[in-house]
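Number of protein chains: 2
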Amino acid sequence: MSRKNKLRIIPLGGLGEVGKNMMAYEYGNDIIVVDAGIMFPKNDMLGVDYIIPDYEYLKKRANRVLGLFITHGHEDHIGAVQHFTEDIHVPVYATPLTRGLIEAKLHRNGAQHKVQMKTIQAGETTRLGPFTLEYFHVNHSIPDGVGIGITTPAGLVVHMSDFKFDQTPVDGWPTDFAKLSEFSNRGVDLLLSDSTNAERPGWTPSEAVIGPAFDKVFGEAKGRIIVATFASLISRVQQVADAAAKTGRKMALAGPSMVDNVKIARKMKYLEIPDDLIVSIEQALQMQNHKVVIMCTGSQGEPSSIVGRLSAGTNRQFDLKDGDTIVLSSHPIPGNEESISKTINRLLRRGAKVIHDGIAPIHVSGHAAQEEQKLLINLVRPKHFMPIHGELRQLSRHAELAQQLGVEQENIIIAENGQVVELVGKKLMRGERIPGDYVFVTGESIGDIGHDVMKERSQLARNGILLIDISIDKKTGRLLHEPEVITRGFVSPEEATSLIPDVRKLILRMVHNDGFDDEKDIINAVKSYLHQQTKRRPMVFVTLSKS
Amino acid sequence: MSRKNKLRIIPLGGLGEVGKNMMAYEYGNDIIVVDAGIMFPKNDMLGVDYIIPDYEYLKKRANRVLGLFITHGHEDHIGAVQHFTEDIHVPVYATPLTRGLIEAKLHRNGAQHKVQMKTIQAGETTRLGPFTLEYFHVNHSIPDGVGIGITTPAGLVVHMSDFKFDQTPVDGWPTDFAKLSEFSNRGVDLLLSDSTNAERPGWTPSEAVIGPAFDKVFGEAKGRIIVATFASLISRVQQVADAAAKTGRKMALAGPSMVDNVKIARKMKYLEIPDDLIVSIEQALQMQNHKVVIMCTGSQGEPSSIVGRLSAGTNRQFDLKDGDTIVLSSHPIPGNEESISKTINRLLRRGAKVIHDGIAPIHVSGHAAQEEQKLLINLVRPKHFMPIHGELRQLSRHAELAQQLGVEQENIIIAENGQVVELVGKKLMRGERIPGDYVFVTGESIGDIGHDVMKERSQLARNGILLIDISIDKKTGRLLHEPEVITRGFVSPEEATSLIPDVRKLILRMVHNDGFDDEKDIINAVKSYLHQQTKRRPMVFVTLSKS
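Sequence order for the protein chains is V and E. Residue 547 is where the first sequence ends in the numbering used here, and the numbering goes up by one at each step. Residue 547 is where the second sequence ends in the numbering used here, and the numbering goes up by one at each step.
The following block holds chain V by itself, in its conformation from the complex:
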């Protein structure tokens, strides 16, 4: 088959979640990339700040990449734009709000002039090499999201990024059903669709259900209200502003990303908040408690966020007060359950009232549930189907749904990151595997920390370390002084008091009586002694000097 008629679909980013943060499409010599987001580390990824997709494959073909297309303004879709464009110099296409959020982020890093941005709009079309990209509006938990119809000589692919079918969205702009039907009439060769909620039956509730829940919370609260959510959850800000206006409260925003994002969204009219509703945080702190709502970040229990600091009593600008109501307006991201619970418990211990999505409908998902996923498939009637944006468990569930709707099993491919899928001669098939892992970012280092270092960290963390410094007289072969022993993360000071003298004695005996060949002998003897005494295995290091 000639290269000419082959579209290569390459999922590249996501922590087990396929194509979540980056997807590439390659036709002939040309490549386009959809999204460049970051991932947040799992609990066992020790000391990692964040994670970016491994796009080595694209770097090697940088001169063939035509553009980066961003579907919406969430961190897991825009967070790696700066890294990506430093390596691959291409224009970045985004809708107005998404562009604004990217630019604010670049600005915070002093990189606003380094990236060439192009504004696109839902309903528009971009032609680039062999690709025709048609953007269409989708609902998600941030405004101005798009899906993309991608036409090449190999056929029409519908790329559905994060979406839901909200019939009453806060911004009054539902997903573009007409465009999806139009694609369907043209004949869709392949649909890629968001699998996040493939294990959730039914239909995700509309953002509109949050309004009455907020009204209730605002109606009942006697003191200040502090609402925590993601800085990018623009529609939630609108809902809080509406509830504040109704109940005679002023709204203050805390935290740079929250302040920036609201500023941009207001300027671009994605948020309709009258000027006199907004006060500075300093003003808010001077006002009567029942006249104030503060919006900030920290709904995932991040210790360094404002809510995290409030829960620990370490927030500098203001502290919790009697009668405060804290609203955590988000759902735990898997893996964050423990830290969120810890935060809730601490807030309660400090006397706050805490409202979270387990006890009131103050958050809804931004992703389609099963009935919406099915509706999409029936609207689009694709010949082939590829579930994306999920771990294997969600992808296989989503594939089952597609089969129930009549998509042939052999026309469905579940791929993992790095698994190239090819649409060729109107057939979908597996291609080669390329590196599709991810890259750890810690401090200034990008990709230097790999799984080996992570393994060492986990070893260090499990049992700690023991360091021994030995000095021996070259002539007599006797110790020049007592061996120095230091431990970290191994034993308590009390336990050390009995254990360390015994380690010293053991070394003394080895040096003066039993003899040894090199450091390794001592390490092994100490290790087995420690294991016998404590049933634990710290890392043991010996430095030996003879003089």
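Just so you know, these hints were derived from the structure itself, not from any lab. All the pointers check out, no bait thrown in.
Pairs of lysine-lysine residues, derived as DSS-like cross-links and limited to a Cα-Cα distance of at most 25 Å, are as follows:
hint, chain 1, residue 1, chain 2, residue 2
1, V, Lys-114, V, Lys-267
2, E, Lys-42, V, Lys-455
3, V, Lys-505, V, Lys-475
4, V, Lys-222, V, Lys-353
5, V, Lys-179, V, Lys-118
6, V, Lys-114, V, Lys-263
7, V, Lys-374, E, Lys-353
8, V, Lys-374, E, Lys-216
9, E, Lys-474, V, Lys-474
10, E, Lys-455, V, Lys-42
11, E, Lys-105, V, Lys-535
12, V, Lys-505, E, Lys-546
13, E, Lys-455, V, Lys-527
14, E, Lys-455, E, Lys-520
15, E, Lys-546, E, Lys-505
Over 12 Å on every C-beta distance to chain V, these chain E residues come out as not near it, computed from the model:
hint, residue
16, Gly-28
17, Arg-64
18, Gln-112
19, Leu-128
20, Pro-153
21, Val-209
22, Gly-211
23, Pro-212
24, Lys-321
25, Lys-383
26, Gly-406
27, Ile-413
28, Lys-426
29, Asp-502
30, Val-511
31, Asn-513
Just so you have them, the derived chain E footprint on chain V, three or more residues with Cβ under 8 Å:
hint, region
32, 41 to 50
33, 332 to 339
34, 344 to 354
35, 438 to 446
36, 467 to 475
37, 482 to 495
Virtual Cβ for every residue (Gly too), placed ideally from N, Cα, C.
Dock chain E against chain V, hints included.
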């Protein structure tokens, strides 16, 4: 107030979950203890095997403790019996199945003769010093659970451990409503009740709903079925056995705790499984795939469990086969979500079909939801209420429910572990605070590892270590050889190649040119250099010898 009329209620065990694993009641000079269980470490408790309650208060008063009463046979209620009875030599009271499970556990540790066990039965009464204990049957996810009515001259306390109101339990023995009503008629001064599901509205489904779900799974599976659950979930074993019998499969049990527990439960008639339904695991592996169901542990994604090893391809006795269906018959314990997802994804990647409680009703909770919690309060009509078995977030929700039902706010106390609560003169009030933290167990060490060591481990884990060994000529003040530098968990080998020579040069310069006072100077210089280069802060250690 005289000590004579005062009952002290002391919640002692639980990882933030109040009184979950141990409660003590002290009246005058006498103490009884309810439950002695273990907790499992949170994700940030590095290298901890398990955790036991801090019962130092009881140890110091060991001669005043009259007995340990166990409500049911789950690990978080029996797991610390051995530790406890080694420190405090008292008889352990338990119902037949619970006793059997404790004895099996002691037997596995060779400690069966060290503990004095006494059998109690629901419906019986024990009088011990000033305490009259009336046991009554409760439903939970293990048979033979009891609640305890505790009468002292201070009044009647109803201690409700883990429970649900299952109208159609697998063993046909519902919670003893009549006894609860009898208590109510006598007048209950204080109710302590299970708050685990205080955030769940409605009524926890009956164990009976699992039957049809299993029938469906067993009816559809073409190959082997492997059901993973907790070894103590005896009723689940009955349900799997029933489904196996219906569909002509034989059942094999894998794993020592599963084998032991089933043996005990069958012997005591808590399980009704005909002999010919059970085969050994060796036999099962020889049989046709569709004739077999294997029950094992590992439903929480534990890497060392059978399912964990199957998912990694490292199980010795048998491996996954095409057509295998794995049923994870449990709900994620908070904090285990990540490892369970990892296991599910791995099983799917290896070609197995995976059924979990997110996609089929193959598990129900063993704890009362809100409507059951309310029913209990209305049945018992307590004067005072103390929510237990939950974190602060669940306890405060449970307290709100009690208030909705008319319990006066001033008659409700939310206590944390170590907060003594006193029932005195028919009033409930807060007493002193005693140590109510927990004790880490790792290897052979009990309580030696504290929060300080844990903090060091987390520091080691975040950024790794760098060790430097320097030898200096005493006379010339010059280096005897190049400084040796070792790192672990800090940088990749590639990054080390450029970084470590620079660290050597820095030390060279300090020793030969700039001068330094002691190790600390070198440590500080290296630290700031590393931070400048990598934006990371490993622990740095220097050993310096002069000769």
